[in-house]
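Asks: Going down the list, the sequences are from chains B and P.
Sequential numbering from 1 applies to the first sequence in my numbering.
Sequential numbering from 447 applies to the second sequence in my numbering.
Derived from the structure by calculation, the hints contain no laboratory data.
Hints may contain errors.
Some residues of chain P that are not near chain B, with every Cβ distance over 10 Å (derived) [claimed, not checked]:
1. Ser-448
2. Glu-492
3. Ala-497
4. Tyr-505
5. Arg-606
6. Lys-631
7. Asp-643
8. Lys-653
9. Gly-691
10. Pro-707
11. Phe-744
With a cut-off of at most 30 Å between alpha-carbon atoms, the simulated DSS-like pairs for lysine-lysine come out as follows [to be verified]:
12. B:Lys-14 - P:Lys-641
13. P:Lys-674 - P:Lys-631
14. P:Lys-641 - B:Lys-121
15. B:Lys-294 - B:Lys-316
16. B:Lys-297 - B:Lys-411
17. P:Lys-462 - P:Lys-518
18. B:Lys-65 - B:Lys-123
19. B:Lys-266 - B:Lys-335
20. P:Lys-791 - B:Lys-266
21. P:Lys-778 - B:Lys-266
22. B:Lys-168 - B:Lys-297
23. B:Lys-266 - P:Lys-641
24. P:Lys-660 - B:Lys-266
25. B:Lys-121 - P:Lys-778
26. P:Lys-778 - B:Lys-65
27. P:Lys-660 - P:Lys-791
28. P:Lys-631 - P:Lys-703
29. P:Lys-627 - P:Lys-657
30. P:Lys-658 - P:Lys-462
31. B:Lys-275 - B:Lys-335
32. B:Lys-266 - B:Lys-297
33. P:Lys-639 - B:Lys-14
All figures in this text were calculated on a predicted structure; none of them were measured in a lab.
Note that the Cβ used here is the ideal one computed from N, Cα and C, for glycine as well.
Here is what each chain is made of, one letter per residue.
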Amino acid sequence: MKIGLEIHVQLPTKSKMFCSCPTTDAPAPNTHVCPTCLGMPGSRPVLNREVLVCGIKLAKMLGCKVADTTWFSRKTYFYPDMSKSVQITQYDHPIGVGGVVYLNGKPIRITRIHLEEDPGKTKRTSDMHALVDYNRSGIPLAEIVTEPDLATPAEARAFLAQLIGDIKHTLDLGENSERSIRCDCNISVGKERCEIKNVTGLKNVETALTYEMVRQIKILKAGGKIERATMNFDESRGVTYGARKKEFEADYGYIDEPDLGIFHIKALADSITIKEAPAKMIPRIADQYGIDQKMAKQLVSTSTDLALFFETVAGKYGKDLAVKWVAGPVTSNWKRFEERGGSTDGILEIIGRFAAGSINDSECGIEIKAFMTGESAEAAAESSAGLETLINEFLDANPKIVDDYGKGNVKAANSVIGHVKKNTGGQYSSADVVETAKRLIEARLS
Amino acid sequence: MSDADTLSKLSKLNEKYQMFNDFCRDGELGDAKFLFSAKDNLTSEEYETCAGSRILGGYRPIFDATSIAKLKAAGGKLVGKTNMDEFGFGTFSANSGFGIPRNPFDLSRSCGGSSGGSACAAAVLDDHISLGVSTGGSICCPASFCGTYGIVPSYGRVSRYGLIDYGNSLDKIGILSVDPKQMTKYLPIIAGKDKEDPTSCVQPELKITHKKMKSVAVPREAVEGIAKDVLEAFNKALEDLKSMGIDVEYVDMPELKYAMPAYYILATSEASTNLARYVGMRYGQQEGDLTLGFDDYFTSFRTEYFGDEAKRRILLGTYTRMEGFRDRYYAKALQVRLVVIDAYKKMFQQHDAVLTPTMPFVSPKFDDISRMTPVESYKADFLTVPANLAGTPHLNCPCGYNADGMPIGMQFVSDHWNEDVLLTMAEEWDKQFEVRKAEVSL
């Protein structure tokens, strides 16, 4: 089975792609509009340069070759929410081609990434009526097209989840920022493929692909033939339904967009460096510092800043101390530390004193916690001591946990959580408990 | 003359010549420094803007085209929107959804096209300038047929913001007038960079230095198949130019013959995408059968309100960019355009301008036009198309009259951004050639 995705991502620019209308949520339908995004006669597009910058960043993130010159094309089709009946997109010379992304070590090839404008939205109000809202018309999109390298619907979903994380990271979008991601999913069980248009959200992508996979398998088993087609996905029923005969891309009669000209972007592209995407960071850190993938993933998924701090400590005091302290107490206190907003220099200084031998193991743990949470050292010591006592008692009573852990069952430490929670309520965070438990277990093992 | 008299005269002239789609019927002219008109594919807030198409019937834009706004800012009063072939599709202004402008020298003949109404207004109104638009010859042709001057600047010289597109890579806004000094005065005003039109933002400044033309090249290919009366007037003009101290040299420009097919491919490809937006939604005509699905509604609308020539060009343009034909036609035409530009550049290494007759014949009678096939009428543009394809500035100068008193024009083409040499040529020519005013009787 082969699955390929065409992923549409809205780019986080302040104004639309070809006019100065805002991209923020509009107070009412058809309020964030102007002659250009309404396609009024005589209006014309002026490119928002920020769109190129976002496109270049994403192209680099995907490992694509960024074009030296790029331009736009007109794709002609008739639909009420397409104000010009022409979409300005890229055809001949997209901003990036030929990339690759690794999903748990498996290469997923990226065919291309191009920039285009979003159409408006059509809302059916009855059988006979529909309303069109052009607020979305002209919002910049990047379309990322993969090769059919994904093997299962679940893999497609995992790929998308990773991609979304990487995009947010690369474009500096908040962890919780809503990014509208729409996907056209191509799937072929046999020879001919079908495309499911416009699927929104991770879960729907997996559901739609699974439904379509089963549909195709049934047809083939019955000796039938799959016809190339475009399907729609009904979210509420979780089914795909057809279908019109698939158009081929070239049927849209592309011509160059004469109003925008050619963009020479080599200098711009050279001047843009991007932050390492989380998906690339995990295997690199694991590899570079000889730690396991899970620990690297834990660091990166907690925060890429935490992962970078791990590298700083490893660089300065060696990998073992980085594992001991950064993957340990620093990780478990990171969320609170981030909320308070502080500098990691203080943590570095504490670890430095430990490395120099001026403080001991438990002092270092207490100081880090106190520094990161803003608690007093006494309170930190007390709660830490309280927690340690509680855990030690539990371990004394259940030596099997230590044995199991020693045999490589790291999850054994998790059983401590239930015990601590039962005795203390929500006083300690799970991360804190597990981290402390691991430390104490490891102390008993060594 | 009082404002009322001026406007009443305007109204009477329009009745006779049908040069306007919408025009100033009442009100005051205020302290306008000058009056001007503009082709009806340039948007204006105070008049309907229909681009000659019934599909835009009743359309009132919400913004002024940059060229119109600039003339208004310079103290001009826009008095009318001039009639034209639908979206610029034609050579005789006979493809308009709103009547056909009449030639001021002979009412049974065409004003030329597609800026026919503009040429007519420039010819019959006193001290008037009219904004025209040229895609493949739509300023020089009507200027030639109506005996006026007409300047088409370099592509990108005048902002196209507010121009209802025909072929975006070809459209140029220019000026028609019987007085070359007016063109020299107002072209720099409408020229210049405009952030609303990125293609206007690469131009060097338009400086009027009154640089005189010293040498012109006349392609042999351009005087083949020309009507006898036109050729006689043209040859006479060549002698006059020589007596003005200008070298005239016959040259070969075999590339010119490729311009016509390349032009029609590019122009119709772009036009067919530009016209896709007219579907009976959002603006213009919108009274349709709402029980239809959107596809059928759009189709019924386009069937009803587009004229035959618009439909023909949509079909042609859709065909040339179709899968399987795109490379053979559209992509090849883009290459031919570069070949034609190169051919001109070669000429401009030794000459200030390339000179040809403007049209191969004087304005035909409407009876004859109605018998012409589309290809015959396309071919009438073979002298004006190459410069338009190349985006080089060009100028029509009246250069003679035939036995029936119909005007004949010649066309100078200069290098990109060299409008100066054309404007100066027009002024010099005007000193020694007497432009006949059409006899206007009301």
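Asks: With reference to the structure, classify each hint as holding or not holding.
Replies: Consistency of the hints with the structure:
no. : hint                  : result
1   : Ser-448               : 34 Å, holds
2   : Glu-492               : 15 Å, holds
3   : Ala-497               : 7 Å, violated
4   : Tyr-505               : 7 Å, violated
5   : Arg-606               : 7 Å, violated
6   : Lys-631               : 25 Å, holds
7   : Asp-643               : 6 Å, violated
8   : Lys-653               : 24 Å, holds
9   : Gly-691               : 40 Å, holds
10  : Pro-707               : 17 Å, holds
11  : Phe-744               : 6 Å, violated
12  : B:Lys-14 - P:Lys-641  : 18 Å, holds
13  : P:Lys-674 - P:Lys-631 : 35 Å, violated
14  : P:Lys-641 - B:Lys-121 : 29 Å, holds
15  : B:Lys-294 - B:Lys-316 : 23 Å, holds
16  : B:Lys-297 - B:Lys-411 : 16 Å, holds
17  : P:Lys-462 - P:Lys-518 : 27 Å, holds
18  : B:Lys-65 - B:Lys-123  : 38 Å, violated
19  : B:Lys-266 - B:Lys-335 : 40 Å, violated
20  : P:Lys-791 - B:Lys-266 : 29 Å, holds
21  : P:Lys-778 - B:Lys-266 : 27 Å, holds
22  : B:Lys-168 - B:Lys-297 : 17 Å, holds
23  : B:Lys-266 - P:Lys-641 : 23 Å, holds
24  : P:Lys-660 - B:Lys-266 : 43 Å, violated
25  : B:Lys-121 - P:Lys-778 : 37 Å, violated
26  : P:Lys-778 - B:Lys-65  : 27 Å, holds
27  : P:Lys-660 - P:Lys-791 : 17 Å, holds
28  : P:Lys-631 - P:Lys-703 : 35 Å, violated
29  : P:Lys-627 - P:Lys-657 : 14 Å, holds
30  : P:Lys-658 - P:Lys-462 : 40 Å, violated
31  : B:Lys-275 - B:Lys-335 : 21 Å, holds
32  : B:Lys-266 - B:Lys-297 : 34 Å, violated
33  : P:Lys-639 - B:Lys-14  : 25 Å, holds
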